[in-house]
Each structure stands twice: as structure tokens, then as C-alpha cells.
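What follows is each chain in one-letter form.
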Amino acid sequence: MAEQEKDPQWPDLTDVDRLIHEPARLSVMTILAAVKSADFLYLQRETGLTKGNLSAHLSKLEEAGYIRIEKSFQGKRTHTDCQLTKEGRQAFNRYVNQMRGALGTG
Amino acid sequence: MNERKIQEARQRAFRYYYEDGLVEIAVGAMFSVIGLLLWLYERVLAGGQYAWVLGIGLMAATVGGVFAVRRLVLKLKSELTYPRTGRVIYSEKAGRTGRWLLIAAALALAVGLLWVPGWLNTTATAAGGLLTIILLYMGSTVSLVRMQVAAVLPIAVGVLASYYGVGEILGFVAVFASSGVLLLVLGLLALRGYLARNPYVDDREV
Numbered sequence: 005m006a007e008q009e010k011d012p013q014w015p016d017l018t019d020v021d022r023l024i025h026e027p028a029r030l031s032v033m034t035i036l037a038a039v040k041s042a043d044f045l046y047l048q049r050e051t052g053l054t055k056g057n058l059s060a061h062l063s064k065l066e067e068a069g070y071i072r073i074e075k076s077f078q079g080k081r082t083h084t085d086c087q088l089t090k091e092g093r094q095a096f097n098r099y100v101n102q103m104r105g106a107l108g109t110g
Numbered sequence: 337m338n339e340r341k342i343q344e345a346r347q348r349a350f351r352y353y354y355e356d357g358l359v360e361i362a363v364g365a366m367f368s369v370i371g372l373l374l375w376l377y378e379r380v381l382a383g384g385q386y387a388w389v390l391g392i393g394l395m396a397a398t399v400g401g402v403f404a405v406r407r408l409v410l411k412l413k414s415e416l417t418y419p420r421t422g423r424v425i426y427s428e429k430a431g432r433t434g435r436w437l438l439i440a441a442a443l444a445l446a447v448g449l450l451w452v453p454g455w456l457n458t459t460a461t462a463a464g465g466l467l468t469i470i471l472l473y474m475g476s477t478v479s480l481v482r483m484q485v486a487a488v489l490p491i492a493v494g495v496l497a498s499y500y501g502v503g504e505i506l507g508f509v510a511v512f513a514s515s516g517v518l519l520l521v522l523g524l525l526a527l528r529g530y531l532a533r534n535p536y537v538d539d540r541e542v
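So the sequence lines, in the order shown, correspond to chains C and R. Heads up: the first sequence begins at 5 in this note's numbering, then just goes up one per residue. Heads up: the second sequence begins at 337 in this note's numbering, then just goes up one per residue.
FYI, nobody ran anything at the bench for these hints, they're computed from the structure. We put the CB at the ideal spot given by N, CA and C, even for glycine. Mixed in with the good hints there might be a few duds.
[Stated by the list, open to error] Quick look at which bits of chain C chain R covers, simulated, 3 or more residues with Cβ under 8 Å: (1) 30 to 43; (2) 46 to 58.
[Said to hold, decoys possible] In silico lysine-lysine, DSSO-like type, Cα no more than 30 Å apart, as pairs: (3) C:Lys75 - R:Lys411; (4) C:Lys75 - C:Lys90; (5) R:Lys341 - C:Lys40; (6) R:Lys341 - C:Lys64; (7) C:Lys40 - C:Lys75; (8) C:Lys40 - R:Lys411; (9) C:Lys64 - C:Lys90; (10) C:Lys64 - C:Lys75; (11) C:Lys80 - R:Lys413; (12) C:Lys80 - R:Lys341; (13) C:Lys55 - R:Lys341; (14) C:Lys40 - C:Lys90; (15) C:Lys55 - C:Lys90; (16) C:Lys80 - C:Lys55; (17) C:Lys64 - R:Lys411; (18) C:Lys40 - C:Lys55; (19) R:Lys341 - C:Lys90; (20) C:Lys55 - R:Lys413; (21) C:Lys40 - C:Lys80; (22) C:Lys64 - C:Lys80; (23) C:Lys90 - R:Lys413; (24) R:Lys413 - C:Lys75; (25) C:Lys64 - C:Lys40; (26) R:Lys413 - R:Lys341; (27) C:Lys75 - C:Lys55; (28) R:Lys413 - C:Lys40.
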């Protein structure tokens with residue numbers, strides 16, 4: 005069977021960045037896109053995720069090269085700072101433009 | 337998550353810097369000191385041989401105050417805010433457009449003063465108007481109602497001072513001292529509420 009042609013009027017969302025599209029990770033990327041850096045406690049509070057859940061999502065984003073994580077010590081506490089990488093910012097902007105086009109809000 | 341939600345998330349990140357009230361406390365303290373120095377200059381040392389000392393003190397308080405406010409706020413945030421609700425560092429690019437709008441509004445105020453009645457065209461009105469514009473801008477940028485409400489006071493005091501002809505320097509004193517005290521009170525109330533809502537996070541990882 006021949007492959008059906010896509011209707012050009014319908015936006016193509018099949019290639020949306022699924023790493024960013026996941027709601028928890030989208031929340032993290034959105035916050036980091038608005039600031040230079042944010043620490044773990046701020047991200048946890050803003051996203052409402054548990055520590056373990058947030059750690060897992062941050063690891064995935066770091067593996068993809070979208071965020072940079074810097075750990076330091078403040079007394080006995082481990083302090084984790086996160087910031088978007090250049091690739092992460094580009095990927096996020098691409099995602100936003102794609103969604104803007106799909107939702108017709110651009 | 338649609339674009340509105342993305343904008344809301346950005347707005348919350350900017351608003352976070354003002355949530356604890358520390359900025360208002362620091363700025364309010366600076367305004368109050370400026371108002372006090374101006375009052376001392378007018379009432380105690382004006383025309384005296386040591387008036388220049390206060391003049392220098394005033395310049396130092398104003399210029400130094402701007403730098404001191406920033407450092408003080410960051411120091412207080414690292415002690416009070418960051419251990420409770422986390423730390424955010426803002427991009428320096430943020431707010432550039434707003435700063436140009438602020439400058440444009442200040443220029444519009446200066447030009448507008450040329451067309452008001454003579455009794456209103458005073459430095460107290462100008463100072464009050466400028467502080468009002470700044471507070472309105474900050475309040476609307478971060479959606480903080482208390483700043484938008486506080487913005488009414490400086491221009492009101494400036495106009496009243498002009499109406500009653502209190503004089504240039506006392507007019508300044510009235511604008512800065514009243515605005516300073518109001519910002520201090522609002523900042524302290526905001527800090528009290530923030531500390532009550534956000535206990536210290538005693539955790540090994542933040």
C-alpha cells in the first residue's frame with residue numbers, strides 16, 4: 005500500500021521532542037529557560053515533584069545535553085545548580101515554536 | 337502545556353525575587369536614610385559651615401545605597417530565602433525592554449511637567465512621579481499588587497508637598513521618607529508571611 009500523503013494544513017507533531025514534551029521535564033525546561041540557573045530546591049518546589057522523580061528527570065535532560073548540573077557543598081549540604089545548555093535552549097525554542105504553530109497561537 | 341502556561345512559569349520565576357519582601361526592605365531603608373539626611377540638611381545644617389558634609393553624605397548614601405542594596409539583598413537571601421525555597425540566578429538580558437520603557441516614562445514625566453500649573457511643577461512632584469513610575473513598573477512586571485498599591489503614595493505626597501508649598505528640600509524629604517517607611521512596612525509584612533509559609537528545609541540535598 006502506498007504511503008498516504010500528509011495534508012499540509014495539519015501540523016506535524018510526530019517529530020515533537022518527546023524528551024521536552026513530557027510534562028515534568030517541560031516544567032523544568034520552562035523554568036530554566038526563564039533564568040540563568042536554578043537550584044534543585046527551587047525546581048522541586050516549582051514543579052511539585054518528589055526528590056527522586058526530579059532527580060530522574062534532571063538526569064535524563066543532562067544525558068541529552070539539554071542541561072548542565074553543577075554540584076557543590078555548602079557545609080554538610082549538597083547543593084545542585086542547573087542551567088540550560090546552548091543545545092537545550094535551542095531545543096526548547098524549537099519545541100515552543102512547534103507547539104505555537106500547532107496550537108495556532110504564533 | 338500551552339504558551340500561556342509557559343509565560344506563567346516565566347512570570348513566577350521573575351516574581352520569586354520579590355516574594356520574600358527583602359528588596360522592599362532594603363530599598364525602603366535606603367529611601368528612609370536619604371529622607372533623613374535631607375531633613376538633617378534642611379533643618380540642622382543648611383547654610384552652616386558643615387553643610388557640605390551632609391551633601392557628600394547624601395551623594396554617598398544615594399550612589400552607595402544602590403550597590404549596598406543589591407549586596408544586602410543577596411546576603412539576606414542566602415541566609416533566609418535560599419535555604420527555604422531555593423536559589424535562582426536571573427539572566428541579565430531579562431528586563432532590558434522594560435528598562436527602556438521606564439526611561440521613556442521618566443522622560444514623558446519630565447516633559448509633562450512643563451504643561452502642569454506652576455505650583456505643581458516642583459522637584460517634589462517630579463521625584464514622587466518618578467518613584468511612582470518605578471514602583472508601578474516593578475509591580476506590574478512581577479504582578480505584585482502590594483507594589484502597585486504602594487506606587488500611589490510617592491506621587492500623592494509629591495503633589496501634596498507642592499500644593500502646601502513646603503519647599504524643595506522638605507518636599508523631597510516627604511516623598512522619600514514616606515515612601516521609604518511604606519516600603520519597609522510592606523517588605524517586613526511580606527517577609528513575615530514568607531517565613532511563616534516556608535519553613536527551613538533541613539535536608540542533605542538542595
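**OP:** State the violated hints by number, sorted upward, taking the hints as numbered earlier in the document.
**Re:** Violated: hints 12, 17.
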